[in-house]
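**Student:** For reference, the chains in residue letters:
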Amino acid sequence: MTEALFIGFAAMLVASSLLVILHRNPVASALFLVLAFCSLAGIYLLFHAEFIGMVQIIVYAGAIMVLFLFVIMYLNLQRDEEGGVHIALRRGLGWVAGTVVLAEGVFMLARRWAPGPLTPEVPGEAAGNTQQLGMLLFSRYLFPFEVTSLVLLVAIIGVVVIAKGRSTAGSGTRPAPGEDG
Amino acid sequence: MIPLSWALILSAVVFVIGVIGVLIRRNAIVIFMSIELMLNAANLVFVAFSQHLRSIDGQVFVFFVMTVAAAEVAVGLAIIVNLFRLRETVMVDEVNLLKG
Numbered sequence: 001m002t003e004a005l006f007i008g009f010a011a012m013l014v015a016s017s018l019l020v021i022l023h024r025n026p027v028a029s030a031l032f033l034v035l036a037f038c039s040l041a042g043i044y045l046l047f048h049a050e051f052i053g054m055v056q057i058i059v060y061a062g063a064i065m066v067l068f069l070f071v072i073m074y075l076n077l078q079r080d081e082e083g084g085v086h087i088a089l090r091r092g093l094g095w096v097a098g099t100v101v102l103a104e105g106v107f108m109l110a111r112r113w114a115p116g117p118l119t120p121e122v123p124g125e126a127a128g129n130t131q132q133l134g135m136l137l138f139s140r141y142l143f144p145f146e147v148t149s150l151v152l153l154v155a156i157i158g159v160v161v162i163a164k165g166r167s168t169a170g171s172g173t174r175p176a177p178g179e180d181g
Numbered sequence: 182m183i184p185l186s187w188a189l190i191l192s193a194v195v196f197v198i199g200v201i202g203v204l205i206r207r208n209a210i211v212i213f214m215s216i217e218l219m220l221n222a223a224n225l226v227f228v229a230f231s232q233h234l235r236s237i238d239g240q241v242f243v244f245f246v247m248t249v250a251a252a253e254v255a256v257g258l259a260i261i262v263n264l265f266r267l268r269e270t271v272m273v274d275e276v277n278l279l280k281g
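Chains as they are written, first to last, in the numbering used here: chain A, 1 to 181; chain B, 182 to 281.
Take these hints with a grain of salt, some might be off.
[As the list claims (entries may be wrong)] Chain A stretches covered by chain B per the calculated footprint, using a threshold of three residues with CB under 8 Å from any CB of chain B:
#	segment
1	1–7
2	17–24
3	31–44
4	47–54
5	60–70
6	87–96
7	151–158
[To be verified] The following label-pair restraints were derived from C-beta to C-beta distances:
#	chain 1	residue 1	chain 2	residue 2	range
8	B	Ser236	A	Leu5	22 to 32 Å
9	B	Ile260	A	Val27	15 to 25 Å
10	A	Ala4	B	Asn263	42 to 52 Å
No wet-lab data here; the hints were simulated from the structure. Idealized CB from N, CA, C, for every residue including glycine.
So that you can see chain A by itself, here it is in the shape it has in the complex (with noise of 0.2 Å):
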């Protein structure tokens, strides 16, 4: 049954990640990206890792998307226009340079890993895994966990100066639309 299960997730995970990056569409491909999102939540949660599994749903499909698709639709795009030799020369060593990558992986995979070690059973049934999880971060990882809150500190004031846009220097560019501040 969870092998099913992973097996059904995985196939959804790899064909709308392969979706996101063929789709012509920006739009398209942000929602396939949400898609692939929520089906690695249910991988994450066949592997008892239900905390990660619901942060991956409110963070990632929730919180980071809403962002992608709130810049997609500031910027208006349209469906991308590809065309040209050079296009197509690049797309072509694309291709090949991500089949060789995945064959060196496969490769590395099949000589160390083909046995496959079975993962055990459920490693501690005494807390929840938010309970573990909660007591290791404020524990061991503690100051890791206060870098982090600087890290954010340091997007949202960076976030801030450069969508800010200069609005002094009279560089020739249109004024920036929808200055709220």
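Got chain A; can you put chain B on it based on the hints?
**Tutor:** Just chain B now, kept in the frame of chain A:
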């Protein structure tokens, strides 16, 4: 139970799809989505090994990776918005000031 190798192979496939997406697309936003795919492939390996080694530390690292990914997406999309204001395009091969 799910063999560890299945998760590793799935993660490798998703990572390679992300690499191919970065290489073949011109739209900076789709390139960003491909980078997200690669980060998620790494997260899948963290979770799989956390389960395999009966240690929950891997899931803590997934937490940190998600934080960094969120910050990266916010800053990157701000840069893309600024780029669009300056050049009226988000196609990476039309932004060639450094090409010489």
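**Student:** Which earlier hints turn out false for this structure, listed by number in ascending order?
**Tutor:** The structure conflicts with no hint, since it agrees with every one listed earlier.
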